[in-house]
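Asks: Sequence:
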Amino acid sequence: MSLTVTLKTATSGLLAAQTGMRAISDNISNVNTAGYTRKTVDQRPVVVNGTGMGVEVTGIKRVTDQYLQLASLTASSESARWDVFSQYLDNAQALFGDPSSEGFFFNRLDAAYGAFAASADDPSSTLLRNQALGYVEDFLSETGRINTQIKELAKTVDVRVSADIERANALLAQINTLNSDISRALLIEQDSSGSENIQAGLIDELSAMMSVQVIPRPQGGVTIRSAEGVKLSGDGSATLSYERTDSTKGYILATPAGGLGSPQAIQINAGGIRGMLDLRNTELPALSDQLGEFVSRAVDKLNAAHNAATPVPAPQTLTGRDTGLDIATALGGFTGTTTVTVQSASGNLQRTVAINFDTGSLSVNAGAPVLFTPATFVTVLTTALGPGGSATFNANGALSIGTAAGNGIAIDEGTSMKAGRAFSHYFGLNDLVKAQGYTTYETGLTSASNHGFTAGQTIQFAIAQGDGRPVRNVTVTVPAGATMASLLAELNGTTTGVGLFGQFALAANGVLKYTPTQPADGTISVVQDTTSRGVGGPSMSQLFGLGVLERNARANRFSVNSTLVNDPTKLALGKVDATVGIGALSIRPGDGRGALAISNAGDVDTTFQPAGSLGQVTMTVARYAAEFGGSIGREANAAEMRKTSADAVRTEATARRQAVEGVNLDEELVRLTSYQQAFNASARMIQAASDLFEVLVKMV
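Sequential numbering of the sequence shown, starting at 1, is according to this note's numbering.
Bear in mind the hints are in silico, worked out from the structure with no lab data behind them.
Possibly wrong hints are sitting among the right ones.
Calculated pairs, SDA-like style, for lysine to any residue (alpha carbon to alpha carbon, straight line, at most 20 Å) [said to hold, decoys possible]: (1) K151 - P285; (2) K151 - V526; (3) K231 - L260.
Simulated restraints on C-beta separations [said to hold, decoys possible]: (4) T644 - D158: 25 to 31 Å; (5) D158 - R62: 36 to 42 Å; (6) S101 - G456: 52 to 58 Å; (7) S631 - S29: 49 to 55 Å; (8) A681 - M641: 57 to 63 Å; (9) Q219 - G261: 20 to 26 Å; (10) S390 - S559: 23 to 29 Å.
Since this is a predicted model, take the numbers as computed values, not measurements.
Glycine is no exception: its CB is placed at the ideal position from the N, C-alpha and C atoms.
Let the hints inform the model, and build the full structure from the sequences given.
Replies: Next comes the structure, spelled out in structure tokens:
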């Protein structure tokens with residue numbers, strides 16, 4: 001009986017040694033397999049009635065360290081996030097050109113200033129006028145190209161996110177399927193390490209796309225959850241989808257397995273998808289917005305200087321831009337004085353109309369003042385301009401001032417001011433650069449102003465968290481009250497507006513600004529806007545610059561005034577002298593003071609609204625250009641540094657994980673030798689038992 005026990009005991013040792021050598025063989029053969037985790041054999045002694053009866057293999061397990069695995073997955077997610085972020089941001093930076101080259105975007109505006117400075121020395125030169133206009137056209141064209149390419153980058157990001165989500169869904173489904181294979185193998189005490197290795201590789205790939213929680217299941221396999229705990233894979237796999245529109249931020253929606261339960265927007269803190277969402281939702285729109293803010297202010301200062309100047313001879317008619325305002329609202333709020341002059345073809349002063357907005361009066365040729373109101377301004381001005389003179393204000397808010405044939409109109413801006421702009425500048429009567437749409441949002445409206453929108457019209461906002469996950473859509477209806485105060489009250493209402501999430505406020509210059517309160521990093525987008533100021537006027541989002549679509553389209557809206565392109569002699573390079581006597585020369589050929597003012601437009605302080613990486617600042621256009629160009633480089637450099645740092649952490653975490661989980665040939669050879677010796681010893685024991693049996697048989 002004891003020989004039988006000895007034989008069985010030795011046989012168990014032989015089988016255990018064989019299993020160990022098989023595991024080591026698998027380890028050694030996969031020494032160069034990426035993501036392979038070495039395995040070891042678990043064994044325990046067999047005890048029957050307190051007596052040792054050999055050994056049994058209880059299982060083959062992978063050598064893993066949960067802490068190092070978590071550290072490696074986290075580092076991989078961060079590295080992937082900043083890798084894709086840095087890559088696309090570097091592409092965006094390249095759109096502006098090399099700062100050391102003449103083709104650098106911001107150098108193009110300097111070239112335009114320089115060309116106008118040259119025109120100031122020789123205003124009669126058609127060649128210099130054409131060059132100046134050409135440089136401005138080049139600057140605006142390059143602005144449009146860059147903004148278009150930024151939008152194309154955003155579209156590319158959208159395509160890549162969609163592709164990654166499709167791959168993530170496939171990975172979640174495969175991880176879920178492998179859970180069944182692993183559980184089945186463990187249930188029948190078979191080796192599940194092969195399926196576990198494959199599953200671990202899929203998890204590594206998934207974590208590079210998005211941050212996930214990996215939770216081991218008691219029955220084998222893993223449960224995958226999102227950062228906030230939404231189950232994505234385990235007992236069935238959820239389906240992810242990429243939700244976005246052109247006007248709202250993108251986010252990831254998870255539909256539970258089998259469609260059981262409501263879809264839920266999930267939080268993604270890291271991974272390549274997070275990096276692309278940051279680009280698409282925040283970085284690229286902010287870059288486009290800042291580009292729009294920069295070019296809008298640069299153009300505004302060019303137009304300010306051009307409106308304060310006059311061509312020689314003065315044009316018969318000056319026609320302004322569409323302000324989107326009614327005459328009472330447009331004229332309301334002006335302060336100071338301005339002078340409209342009528343000039344002969346040779347530049348001799350024919351008539352002056354001095355307008356005093358403080359007193360609400362105007363006087364002709366320094367005569368007795370005539371009172372006007374914003375509503376009667378056009379009529380009173382028409383009379384004051386004399387025979388053949390006219391002033392009109394159309395339904396879209398464009399002011400036009402003209403005189404009789406053979407004469408011209410020239411304006412001395414004086415001290416007039418509204419929302420930071422002088423009279424001619426505010427109405428765009430003599431703009432150098434025209435815009436298709438609205439590009440600056442200092443409306444000049446106050447809480448007492450007529451908002452002009454029709455009661456019952458609606459605008460729908462989407463409130464979202466900072467990472468793009470939706471909070472709520474809010475539809476605001478234009479109230480019956482006609483003032484901006486009543487509109488603000490409706491916008492900020494807790495039941496009728498966005499008051500639960502933030503507040504709209506009207507600044508002194510008429511800028512409408514939204515400040516989030518709950519969540520603190522919340523954002524607001526315009527989903528739909530059916531409002532219209534008057535008949536065919538601007539919508540609320542157009543007038544006030546609400547929503548990413550409106551603000552990011554600004555940079556593509558500018559072009560040089562076609563009248564000047566067709567006839568450069570109409571470029572306003574001189575100044576009118578409204579103080580001379582009637583009949584005296586008040587505009588002179590060869591006067592380059594207007595051109596000089598245009599060339600210095602980049603050195604005039606202006607207030608820039610918050611955009612991109614810069615908040616509200618007051619500085620010159622030239623200084624802002626330097627800050628803007630520097631911020632682009634800093635952002636790209638910071639992203640590269642974060643990528644480098646994340647790569648270093650990932651490399652270290654992977655190395656430490658590999659040191660524990662990877663195959664070490666020296667260690668495996670030592671274990672192989674140990675199993676070989678155990679195998680030989682067990683075989684010799686079997687041989688000895690066999691010899692004893694043979695002796696016993698012969699004795700019998």
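Asks: Failing hints, ascending?
Replies: none
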